[in-house]
Structure formats: C-alpha cells, structure tokens
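Enquirer: The chain contents come next:
There are 2 protein chains.
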Amino acid sequence: MQFADRLNNVETSAIRELFKLLGKPGIISFAGGFPDSAMFDVAGIKEASDKALTDEPGAALQYGATEGYNPLREQLAAFMASKGAKDVTPEGLIVTTGSQQALDLLGKTLISPGDKVIVEGPTFLATIQCFRLYGAQLISAPVDGNGVDTDQLEQLIAEHKPKFVYLIPTFGNPSGALLNLERRRKVLEMAVKHQTLIVEDDPYGDLYFGDAPPPSILALSAQVPGSREYLVHCGSMSKVLSPGLRVGWMIAPAELLAKATMCKQFSDAHTSTFAQATAAQYLKAGRMPATLARVRKVYAERAQAMGGALKKELGDAISFVQPQGGLFFWASLTGAGGKVKDGNEFAKTAIEKGVAFVPGTPFYAVNPDHSTLRLSFATADVAKIEEGVGRLGQAMSRA
Amino acid sequence: MQFADRLNNVETSAIRELFKLLGKPGIISFAGGFPDSAMFDVAGIKEASDKALTDEPGAALQYGATEGYNPLREQLAAFMASKGAKDVTPEGLIVTTGSQQALDLLGKTLISPGDKVIVEGPTFLATIQCFRLYGAQLISAPVDGNGVDTDQLEQLIAEHKPKFVYLIPTFGNPSGALLNLERRRKVLEMAVKHQTLIVEDDPYGDLYFGDAPPPSILALSAQVPGSREYLVHCGSMSKVLSPGLRVGWMIAPAELLAKATMCKQFSDAHTSTFAQATAAQYLKAGRMPATLARVRKVYAERAQAMGGALKKELGDAISFVQPQGGLFFWASLTGAGGKVKDGNEFAKTAIEKGVAFVPGTPFYAVNPDHSTLRLSFATADVAKIEEGVGRLGQAMSRA
Chain A
284 MQFADRLNNV ETSAIRELFK LLGKPGIISF AGGFPDSAMF DVAGIKEASD KALTDEPGAA
344 LQYGATEGYN PLREQLAAFM ASKGAKDVTP EGLIVTTGSQ QALDLLGKTL ISPGDKVIVE
404 GPTFLATIQC FRLYGAQLIS APVDGNGVDT DQLEQLIAEH KPKFVYLIPT FGNPSGALLN
464 LERRRKVLEM AVKHQTLIVE DDPYGDLYFG DAPPPSILAL SAQVPGSREY LVHCGSMSKV
524 LSPGLRVGWM IAPAELLAKA TMCKQFSDAH TSTFAQATAA QYLKAGRMPA TLARVRKVYA
584 ERAQAMGGAL KKELGDAISF VQPQGGLFFW ASLTGAGGKV KDGNEFAKTA IEKGVAFVPG
644 TPFYAVNPDH STLRLSFATA DVAKIEEGVG RLGQAMSRA
Chain B
284 MQFADRLNNV ETSAIRELFK LLGKPGIISF AGGFPDSAMF DVAGIKEASD KALTDEPGAA
344 LQYGATEGYN PLREQLAAFM ASKGAKDVTP EGLIVTTGSQ QALDLLGKTL ISPGDKVIVE
404 GPTFLATIQC FRLYGAQLIS APVDGNGVDT DQLEQLIAEH KPKFVYLIPT FGNPSGALLN
464 LERRRKVLEM AVKHQTLIVE DDPYGDLYFG DAPPPSILAL SAQVPGSREY LVHCGSMSKV
524 LSPGLRVGWM IAPAELLAKA TMCKQFSDAH TSTFAQATAA QYLKAGRMPA TLARVRKVYA
584 ERAQAMGGAL KKELGDAISF VQPQGGLFFW ASLTGAGGKV KDGNEFAKTA IEKGVAFVPG
644 TPFYAVNPDH STLRLSFATA DVAKIEEGVG RLGQAMSRA
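So the protein lines, in turn, are chains A and B. Residue numbers for the first sequence follow the numbering used here, so the first one is 284 and each next one is one higher. Residue numbers for the second sequence follow the numbering used here, so the first one is 284 and each next one is one higher.
Same shape as in the complex, but just chain A:
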C-alpha cells in the first residue's frame, strides 16, 4: 500500500518500545506524562455529567457547533479571566479535542511543507511529530532553568523567519522549566518587533507548588501593545481535571481562529458535546479551585520527595533544577565518578532494576543531548517515589 509522502517525515516513536516494557510486574514508572487517576474528582465529574444529561440532554448528545459548546466557551473565558487573561471572550476561543488537536489545527492551518517552526529544545514529543507530519522544518531554541533563552530565540527568529514559535513557558514538558517574567516580556516584544506568531501551550500552568508563577504570556500581552495579534494560547483540562474528557481550547487572533475552525470542521466536526457539557457544568459548579488546591498539594509533596531522593541516591551523578510546578523533573547525567552519562543506556539498566523513565533524546527536534532524561513524579506516591529512586541509585551503581 502506498502511503502519503508526509508519513516519511516521522519515525515511529522510540518511546513506544520502552512503554511496552512498562507492563512488566513490579515496575515503578516515572515514565508517564499523565496525571494521577487517583486524584480525579470522580464524584464532581459524575455530578456534572448527570446535570448535563438532566438539564440539557438534547444539546449534550446532539451535534454541536465546530467552535465549541457556548456554555463551555463562556466558562472557559471566565476561567482564563480568573487567571489574569481578562480580555478573553467566549467568541475569542474555540474548544479543541484535547490540546493535542490545537497543535494539529495549527499545523493544518499554518504549515506548508518546508515552512520553518521554532520549538524549544527539548520540547513536547507529540508536537515535534505533529508539526513534521505537515512538513515543518523544525528549528530548536535552547532552554535553561529559566525557560527558553530569549536572546538566542531572537537570533533564530531573525535568521529563520519562522511561521511561528512554539513554547511551553510554564513547567514545560519535558523541561519542567519556568520562563521568568523578564523573558516573557521579551517574547512579547520580539513577537511585535519581528511580526512573528508565538504559540503559548499551557497545560501545566495551574499546577504550581508554592507561589503562583508569573502571568501567562497571554495575560501579559495586555502590557505590550500590539502583541496580542501575534499570540496563540492553548489550554487544557487534561492535567487539572481529566484527560479522558479530551477538552482543550485555543485562543487566537480572529482570522486564524476562523481558519482553524474550518479545518476542525473536517477533522472531527466538533469536540464531544457530552464531554463539553460535562466540563461546563463542572466549571459552573465552582469545583475547580478546590480541585486545583488538592492536586497542587499532592504533586508538590511528590516533587519534594523526588528531588530529595535524587540528591540522596544519585548525588553528583545527576544534575537538575527542582521544578516549581508541573509533572516533571528534567535531569542530566553528569558522568561524575565515571558513572553512566547516556540517558538511553541508563534507561535500559534502570528497567532491569524495576524502574522506568524516558530518556531525553526523543524530546529534541534536532541535536539531542544524550545525557538527559525525564522523570515524572505524578503517578507514584511518596513511598513509591523513594523506592523507585532507590532503584535508580542501584542501577547507577551497576551501570
């Protein structure tokens, strides 16, 4: 069978092979990119879905507008306002089938084969593959503990004149990094200066452990005249409420939103109205603040436990910035004392010792750093985290 040429741009994920091993009994997994099912507010979601089917069964079960179910768009605009993005209107956003679909719609709407797109190095794996399927040539901007290096980013924008720049500025996957306030301003200024579209993907921003992070780039755009018209913001219910609903949203300039809506019409017609009506009822019931407070507390404890255990068990053989939110540690193997310095190699030894994580190389669009790895602290409790990191320590001694 002859497939479309665009499939030549992607490889089957190296991670998939690793994930097959996760079924092995007794494995402690730091490999996942998902929230802990045990923390889902099942009662609240059940109440919301029952209410949707009682109060609005026709709408919740019928075809809906491609742009999204209006009661949900209203709730999402209010949710964004509560997070400082006060000028978002219900008409200024569309509901997407998870934020993955927002990425797909951006690719479909904007990328012609050969177009350049700048992403962070490292960045979300499925973003890389998604944009490549549309023929994007990806350029990688380096990230440090304060997020993307904006000086280097500006040079890359000037040099490559990309179709857009894709960033996960807040507790990014996999970097866990938090883009500082100064750099956020700088991103908005360079968007205007270079007339370059910036995509802010923000699935983790609500999962902070201490003080709230700086405002989203979207919220900050009110302070940088002209920047809003170069800004796309993608949000998601997946990490804070439930990935299974597949409810995300995209805020973008009107013209882009209209084209993305047309593309969505032919992608899946609309996002499940059943899931949308459920999410709308959930938000309307006012349960989100308590849910967020609860998950923040649990993830903060787990992040604390993982950071402490990594220092204790792996010492100077590993280096990392303690994350202030999100789901991930991003770490480098230092090779100190002649220890293993290759993330892929370490992943293999680790799985033999009964602990899994994802090596860092697949998260780079280009020029992978082989010493890196991603550890998720989201799905194991503190005891399992300590046991798992202990196994990493054993694997390190052996490797």
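Bear in mind the hints are in silico, worked out from the structure with no lab data behind them. None of these values were measured; they are calculated from a predicted model. Accuracy of the hints is not assured; some may be wrong.
Said to hold, decoys possible - Label pairs and their in silico Cβ distance ranges:
1) E442(B) <-> E357(A): 47 to 55 Å
2) D338(A) <-> M322(B): 12 to 20 Å
3) T617(A) <-> A361(B): 51 to 59 Å
Unchecked claim - Partial list, derived from the structure: chain A residues whose beta carbon lies under 10 Å from chain B:
4) G316
5) F323
6) G367
7) G381
8) Q384
Idealized CB from N, CA, C, for every residue including glycine.
Once you have looked at the hints, place chain B on chain A.
Expert: For chain B alone, coordinates are given in the frame of chain A:
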C-alpha cells in the same frame, strides 16, 4: 497572516450561509443532517455513563490508547458481527472521534497533494472538503437509484488509478440511495481486479425502514477472495445513538490501521475515554436493538409522510426515489409546467415561505447538477413535515 497552501483547496461552505437563516422564527427545517434529539435514549446513556464512572473511573477519565478503549473495541467487534461482518476482531478496528475523523485519518495517511480519489456524485459535503485539504484531486462517479453506477466506476478506476474510492453504499448522504447486492459484489471484484482500496462509509446502514438492506460491502467481502485487504469500513454511533459522543470506528487492513493510528496520535491522542466507556457500557447493556427498532419506526413514518406530501404538493415538478432508510430524500426539480428548475433558486423562495432545505450543488465534487436538492425528514414530526412540504408547494407556485 499567511496560511498554509492547502487552505487554497477549499472554499467556505455555501451551506453555512444558508444555515444562518435557519434561526429565523417559524422556519420548518429539512436542511439538517442530524438525527432527532427527541429520540436519544437519554436514560440509557445516563445509566451507561454512571456505570462507567462507577465501575471504571480511572480508565474512563484517564488518557487511553490511541487505538481506542479495549472494552469498546470488543463491543464494536461484536456489533459488527451482529450485522454480518463476523471476522472483525477488536484489534482490527480503531475508535475514531466520530466518523469524520476516520475520513481525516484516511486523508492524512493516504493522500499526497495531486493524488486522485473517486467519490460518488453527489457525496457527503464534508468528505469533499476533508480530502481536498490534503490535496486530493476528486473524480466523481455517477449515482442512480441503485447507488453508484459500477460500470462507470470501473472505467474511472481503470482510467485514473485512484488512491482509493470512497462510497456511502447504504442510504447515502445525500443520495439516500441503496447500492444493490449485485453492484456490491461488483465493487469487491473490481477492488481485487484493479488492486484499488475501497472505503465504505456506513453511518446510516442501521436505519432501514422495511427489510434489512443487503449486507455491507465489508460483510460481503468474505465471499470475494482477496477483497478484504482492499477494504476500509467506517462506522459511527452518531446516527443511531448520539452524535455528541463523537464515537466512530474504522476497520482496515493492519498496515493502514497502524499508520492511521500513528496519525491519530498526533491529531487528538485518542477519542474521549469518557465517551468511549459510556458507549461501551451502553452496548454491553444490550440496549441497542430496542433503540434501533424505535428510531427505524419513527424515521420510516416520517419518510412515508414526506414522500406522500411531496407527490401531493409538488406533483410532476419534482422527481425522487422513495428512500428505504437513512435520513434523506434526494430529489430533482423537473421544470415541468415551466416551474423552477434550479435548486439554489428554489431554496431562496422556500426560505421566504418558511421552509428550508439544502440545494444539491455543494454535494458534487465536480459537475454539479443544479436541479437537485436534499430534504431531511429526520427532525420534523409528521405534522411539521406535511406543513413544511405544503410551504414548498406554495414556494413552487410562486417561483
């Protein structure tokens, strides 16, 4: 803003403008393509979703496999077996976000810009636009009351060597036509002879009014050796249970299914597990046969009423084949007695008289027949159908 070149291949839908007029108070609409909300089994769906959230909350709310939720895949394989396609395994299908996504995945997986695809003339509007977004060059095979003309289809296949042929063989949208058994066999034979992939889109096959239609092309493929490897079958819960769930499925040869799964991973990761678990519980509860019996009966009455009213009110000014299932009448204006012969013109007069339908031209990929129109009998009850067709009669006298 500069959009991707692929957007140049689609026009904004002419229908969208018409649909804006549907909000006018008092309009009777035969324009929609959706089932009647009043017939949704709300109690059954509520029971199913409650059971999903009670028995399997983790799975129903968490990320899931891109291929689909296994309990649903099992139920869908059993559902297909109950309809005569006995060799469908759970692994032989993937769950899609409505059958619209199956079309999108076929486009993404198979169509390189310039590739030829044969569709029926007329065919489903969103199929035309979906494939064009991937750069397909569409060829149109004519349809009569017995479905696609297989002699002409074979000539077109031989001449154009298309990437695939897309058919809605059973109560097609918009044609309402039923491909007869002989032609179904012929389609399978030509798939093998010309080594051409056939896509059978089957959202309406369960909505028959009298005797069951001939077996699906998929079910028949068991009788034509070698044909199964050239066959894709798309199914949907939208017309029989609820469009709002966005649950469809695609059965295809393993290699194609694997590529489509990879594409889906970067399109929306997976279909809502909440909706999938709900659909699985619904099917498992054994409610589908009674639901199907109920909707068949109601739609049969409405189709009967519409056919009778059209003959009475419009006489020889309109010609159509009485549909044996589905949601649509497909009709031609004959121009008899100097009456209006143009579907677009008639639609405008009709809406002034308070009744809406969709003119037929947008359903043609090429060479539209301007005399055609599509009337849905799904959402108006018998009294409204008679009143609406009465208004069509008045519009006809005036036009």
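Enquirer: Each hint: holds or not?
Expert: Here's how the hints hold up against the structure:
E442(B) and E357(A) have their C-beta atoms about 53 Å apart, which keeps the hinted 47 to 55 Å range intact. Between D338(A) and M322(B) the C-beta distance comes to about 19 Å, which sits within the given range of 12 to 20 Å. The given range of 51 to 59 Å is respected by T617(A) and A361(B), whose C-beta atoms sit roughly 55 Å from each other. With its C-beta approaching chain B no nearer than about 8 Å, G316(A) sits inside the 10 Å limit, and its interface hint holds.
Below 10 Å, beta-carbon pairs count as interface contacts, and F323(A) has one with chain B at about 5 Å; its hint therefore holds. With its C-beta approaching chain B no nearer than about 26 Å, G367(A) sits outside the 10 Å limit, and its interface hint is violated. Nearest Cβ of chain B to the Cβ of G381(A): about 5 Å, under the 10 Å cut. The hint holds. The beta carbon of Q384(A) is positioned within 10 Å of a beta carbon in chain B (closest approach about 5 Å), and the interface hint is therefore held.
Hint compliance for this structure: hint 6 is the single one not met.
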